[in-house]
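4 protein chains.
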Amino acid sequence: MIPRYSRPDMVAIWSPETKFRIWFEIEAHACDAMAEMDVIPRENAEAVWAAKDVEFDVARIDEIEAVTKHDVIAFLTHLAEHVGSDAARFVHQGMTSSDVLDTTYNIQLTRACDILLVDMDELLEALRRRAFEHKMDIRIGRSHGIHAEPTTMGLTFARFYAEMRRNRLRLQRAREEIATGAISGAVGTFANIDPNVESHVCSMMGLKPEPISTQVIPRDRHAMFFATLGVIASSIENIAIEIRHMQRTEVLEAEEFFSKGQKGSSAMPHKRNPVLTENLTGLARLVRMSVIPAMENVALWHERDISHSSVERAIGPDTTVTLDFALHRLTQVIDKLVIYPDTMLENMNKFRGLVMSQRVLLALTQAGVSREDAYTLVQRNAMKVWEQGRDFKTELLGDPEVTAALSPEEIEEKFDLAYHTKHVDTIFTRVFGEC
Amino acid sequence: MIPRYSRPDMVAIWSPETKFRIWFEIEAHACDAMAEMDVIPRENAEAVWAAKDVEFDVARIDEIEAVTKHDVIAFLTHLAEHVGSDAARFVHQGMTSSDVLDTTYNIQLTRACDILLVDMDELLEALRRRAFEHKMDIRIGRSHGIHAEPTTMGLTFARFYAEMRRNRLRLQRAREEIATGAISGAVGTFANIDPNVESHVCSMMGLKPEPISTQVIPRDRHAMFFATLGVIASSIENIAIEIRHMQRTEVLEAEEFFSKGQKGSSAMPHKRNPVLTENLTGLARLVRMSVIPAMENVALWHERDISHSSVERAIGPDTTVTLDFALHRLTQVIDKLVIYPDTMLENMNKFRGLVMSQRVLLALTQAGVSREDAYTLVQRNAMKVWEQGRDFKTELLGDPEVTAALSPEEIEEKFDLAYHTKHVDTIFTRVFGEC
Amino acid sequence: MIPRYSRPDMVAIWSPETKFRIWFEIEAHACDAMAEMDVIPRENAEAVWAAKDVEFDVARIDEIEAVTKHDVIAFLTHLAEHVGSDAARFVHQGMTSSDVLDTTYNIQLTRACDILLVDMDELLEALRRRAFEHKMDIRIGRSHGIHAEPTTMGLTFARFYAEMRRNRLRLQRAREEIATGAISGAVGTFANIDPNVESHVCSMMGLKPEPISTQVIPRDRHAMFFATLGVIASSIENIAIEIRHMQRTEVLEAEEFFSKGQKGSSAMPHKRNPVLTENLTGLARLVRMSVIPAMENVALWHERDISHSSVERAIGPDTTVTLDFALHRLTQVIDKLVIYPDTMLENMNKFRGLVMSQRVLLALTQAGVSREDAYTLVQRNAMKVWEQGRDFKTELLGDPEVTAALSPEEIEEKFDLAYHTKHVDTIFTRVFGEC
Amino acid sequence: MIPRYSRPDMVAIWSPETKFRIWFEIEAHACDAMAEMDVIPRENAEAVWAAKDVEFDVARIDEIEAVTKHDVIAFLTHLAEHVGSDAARFVHQGMTSSDVLDTTYNIQLTRACDILLVDMDELLEALRRRAFEHKMDIRIGRSHGIHAEPTTMGLTFARFYAEMRRNRLRLQRAREEIATGAISGAVGTFANIDPNVESHVCSMMGLKPEPISTQVIPRDRHAMFFATLGVIASSIENIAIEIRHMQRTEVLEAEEFFSKGQKGSSAMPHKRNPVLTENLTGLARLVRMSVIPAMENVALWHERDISHSSVERAIGPDTTVTLDFALHRLTQVIDKLVIYPDTMLENMNKFRGLVMSQRVLLALTQAGVSREDAYTLVQRNAMKVWEQGRDFKTELLGDPEVTAALSPEEIEEKFDLAYHTKHVDTIFTRVFGEC
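Protein chains in written order, with the UniProt record's numbering: chain A, 1 to 435; chain B, 1 to 435; chain C, 1 to 435; chain D, 1 to 435.
In case anyone wonders, no lab produced these hints; they're calculated from the structure.
Careful: at least some of the hints might be erroneous.
If chains are identical, the list can't say which one is meant, so a pair holds when it fits in one copy or spans any two.
As the list claims (entries may be wrong) - DSSO-like cross-link-like pairs, simulated, lysine-lysine; straight-line CA separation at most 27 Å:
| id | residue 1 | residue 2 |
| --- | --- | --- |
| 1 | K52 | K69 |
| 2 | K135 | K350 |
| 3 | K384 | K135 |
| 4 | K208 | K350 |
| 5 | K135 | K422 |
| 6 | K350 | K384 |
| 7 | K384 | K422 |
| 8 | K336 | K208 |
| 9 | K422 | K69 |
| 10 | K393 | K422 |
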């Protein structure tokens, strides 16, 4: 968790204060459930809630842990300092530390997910707005970095929108994966605690009970969660790379917004660098690197070992904080991206009509020329454009074998841009439900 | 794809023969759609189907590709050799190679998924059967590799069942991710081909049309697909590690089936090694290693670059073939696993009652002893068992501070195993819907 | 960087204070070199050294950066506040930010490496000590988790020693990889700065000049560096897994040291869990996860992009801090490991001589029995031990086909443990240079 | 191992024929050593060499393995079919399968390394040649994809040369890592086999004896080996990305060689796509994906488990074959790369002198203008170039505040390209030892 790549709401989820607050709520709800079943006295359960608004003293708990070397015992000891040892006597009864720790971790991940879902909605909104804004702005489509056929800037945003909407669904599913809690005791048999305690606590904390746990909640859930974040990060990289390409000096179809006071470089004051999207490229790598350790965490020994814990202490906060920051940064980049439709047209015309070659090839075939011959005809004229700087349409009009098959009007018509945008509405309707 | 870790049905999906068969079907269905719209003559479309039952000549296609250096053109040239150049003239019209290649890859992945789903069902059935078979067979639960509290072998299988059922749902979702096709032309604008062709081909091939594509189907789908396989592989590792632990010489609660003719070791004939589950541990690593490259494939340049292709040529077959083999092998291991309930009990009794300490601790607390004092009482008797080989129950019965709080009958009752299995039915009902 | 897995000396390397101190030294040494070449006035260079003992104000620099959005400019502005704008005028002349940032990063990694090398030496010393201490303590060797043939605890430590000594060499080489600096200007051409400046700064800061840089130091060096840390982490995991196995309830050949006040579990007071080595297993995953992003950082665009920066801000500190902590923790675990030679013998004898089967097999072959027959003889007696709890030696002595080939004395001799330890000295001499 | 990305010499290393040949040699040399020590009869050792030129029958060995389920036993059985059961009786005596398998694997990796080293030498030679060829061809240096300052195409090749030379050293070290053999018996104690056998076999097979092994050669060696290949692959990606950028339509400073018969696209015949370097980008991901599993292989259980085996069966061949192919392909790309110096100049001049801004800034500072003022002066003229298409030098000459500090001649001189190439010889000497 690097401060400059962190936003406060997500950071707060991972603070010790939040953690202890969740611990308290779990323990207090568990007391309620146990009192309801007459396992512990009702008044003791109620007495615990006296700490409801207490700001737990993190330093004090750390101090106790330094002696006990056990974090939950340290917390319970501190809780007793607030609610009195009599009330505290029944707290945590029949429970094991992991009941609290694992359920808490999932609550934190679930809350983190809720922030990420909002981030995603904001990103989707920005992508949608820019898509409609530039829906029909012609831009050359490129495969292999080479000009192919015309497309529009709106379609570029539309495909990112569609990709991120898939990611939103994946994120929603990832949230379901980890929105479970477990209060099932030392090896998950409920030997010392009734399943009703688990049901009650989970219900109050917005979770589903884990159907079968073993001191720990099974880690395939977390592997799937972090894998999903890794996919989302890869999509962020995808958009970032596109923008970095757009902003290259030779392309310059768009630029990240450049504020007045900002200096691009200490050495070259004219430079406007796509540093935000380059940064997003790096942040994507950071999010993605948690995927494999999360998968390595699945195979715990028997009913549990604690090897996953240090990994999760790191990747829980680091990954969600980084992804939150990245999604937000990307939304800002998209929102303020400066787009240059004129340059888009200039770039497209760099090869003087060559990008229409596929259309011409098709027209020749339909006019009865064999596929092989049509290919040869198109290629030989294309090579003159490529190598000698000629204009493709002019060359075609001057090639008797071409004009034998296509009339000048037909050739002319092949260079009409509307041909390439005729299905933009179809695609927008597929993606946005409207056009 | 290593022969010894491959099964023929999955391998067949990735053969050149299957690939060319799918290519043919895509092209032929596309011709039908184009004929339906009067873009090409109906008779030409019908003539293409003449190759319906042709076994395409892979060597011949390779030969042509050696010249053209383009696989789809090579195939189309060969197709013309079968259906005649007149019929072939309209094949692939307005399409780009990726329309065929990407749609084919997704069909292969989808079919691979169908096999994996069957594998998963067989695994689930085996896990379910063994779970019910050993539902109440007592076994010590272990955290950190150390004896904790009793559980049952049935619960061990039940948790693997629950994990794999989650994986089945994930796999089903992964299938949906990649069950799309695209016939949208050079940059995805449908400039040269009507969207109806895509709809028809997808419908005939069991896919949904990709809402927006750009010569390629977006690779976030494949990243999610391979990430899901990585999670499943991690769950396989989880089960494999458990079995390897069970079979350790000192534990020996279960063994992989050992056929009569099999030699465990050239040097030590008495050895029965858990080589299948060790192998599964390695195979899990192999499946998992495709996750990061699949994520790196997402950020293609502009409308596409071909960097993903070599990666997918490898991980498509390798990962699905390996996972198919691994799921099948695991099913066999589970099915035939030799389980030793007597050894399970012997192991549990190794520490002479110590595993009941949590229960005693709880009973003392409920009898009014403070948590701290109860802990001290339990710990001091536990240490005698641990260090001097005493029996825990005997020690407790002889400790006046313990007997001051608990009667001999109460102490005796704490060692009743039924206490630990009383919720097995509850958990089975949660997991299996019955008990 | 998680506080509980961090040690102060390594953390200090990554503090803003250390960073600004290094920045200052680089700039001041560069001024010296430029003054030496009469590029800037000698007195200005000297004036800069006025800030030699200044404690730079991190908050103030952050404040300036909030405006300039450029960290090096912010620092230089702050430096001017200390040395006066006249002296500051020539600071950083002809340099680019990366000259400072990249050289600093490598200095930090180099210093981190120096700490890691000391950690490694301490670990090696602990391993060596324990190896000699338990050199001849017999322990069963296990393949596949199954008893194989006798070995000694000393050999176990000796192999970890050999592995870690290889890692020490790798670490030394990794240090060389990143012990370079570059002051080569905006694209590495030395257009605005003389190569002598680079030589002087590198020499003063303990680095070699990077032979060819491009604003940045090439990132293959860092990829190799982090890959090496990943290998070391994997070796830590290797040792940790061995100890976790040793401490399993059923094995218990060794235990992590257990301090008096420590509570193993809030629920099960008798438990002594190998939590340190489980933790090390997780920390190994954390270190290893930096390897792939470090490799993804190699392919920067043209003369540089800044995608590597966020990755390195995270993995530089996180990986070195975690590895430092892990090496130190492992040293403590090894140092204090409680080893139980008696249990080692008990475990070995669990299968009543079966582990000698390979020797018997060999003896039979040497006595003229065919390999196949010998195998059958050994296997049939071994199976009686395995399945019926018999004693292997007794069974052999009672098998006429065995005694036809081997005399009772010869059979007896095959069970002599000294046979298995006769080359321990040879191996120790290979590993330690002495025995 | 994908046929289209494979070269025969490397593939041959991994054939069953090669494997069995190595197995034979190990066994036969071991017999020699044992005969030398009078452990087995000299004539039996000699008789084994009768199979020296035998082409082992892979199908027959597979057939035997189908029964024995043990590959080494199957091979030994087949060997006996060639040399007679009498001679065969002493083969493999005292050895364990891993003695053969692990030593063989390392021999294969070592031989693979030898091919890779030759590949690397050829690549270095190509890079060197192109570096000198284009040593002084001016090209704009780019940071963040944005024009920075001039550099030369020679320097681009020189930095790739330097990077690959580092990789050659790393590869040499990686070779040393895995050039060890072990013939140390079931748990590495030499109980049943004398260390002299190991020495002799290793010496004859070009290996060093592993100082301490445990049935297996320790896997930290292999982790380091595959990690090194991952670094090399990342450098290949680095070069590939540079070339892909060069070939973008808008940049076009270089192109992959385009043979006459080759068709770029079935749809767009004018296209020349950088498909080889895109392919290399993907192959780099494939090589890199073996790094993590190789590291996960390090922590084998006790003296060995077999989880590493399936991983190594895949990544051994796949990674070396892919890297061999990639290095060779890259060499061809470099060798034949079509470079366009004229376009390089055109691109540089796209921003009419802006790339000289850093020099002007420096000159202003040296002429006594404060750093802040100089920055403002440069930036305001630069913005006119950027936004209004003016010429930078003209603007500077017309700005009275600039000309107050710098004479027209001084301004003129700042646009001299020789300024930027004056240290190219220095750098070439550093990199190549000559210029």
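These are the hints, each one checked on the structure:
1. K52 with K69: The answer is within: 26 Å in one copy meets 27 Å, while 43 Å across copies does not.
2. K135 with K350: within (22 Å within a copy, 29 Å between copies)
3. K384 with K135: neither (33 Å within a copy, 31 Å between copies)
4. K208 with K350: Classified as neither; 59 Å inside a copy, 37 Å across copies.
5. K135 with K422: Within one copy only: 12 Å inside a chain, 50 Å across chains, cut-off 27 Å.
6. K350 with K384: Both ways: K350 and K384 sit 14 Å apart in one copy and 24 Å across, limit 27 Å.
7. K384 with K422: neither (30 Å within a copy, 39 Å between copies)
8. K336 with K208: Neither way: K336 and K208 sit 41 Å apart in one copy and 34 Å across, limit 27 Å.
9. K422 with K69: neither (69 Å within a copy, 33 Å between copies)
10. K393 with K422: This pair counts as within: shortest intra-copy Cα distance 21 Å, inter-copy 46 Å.
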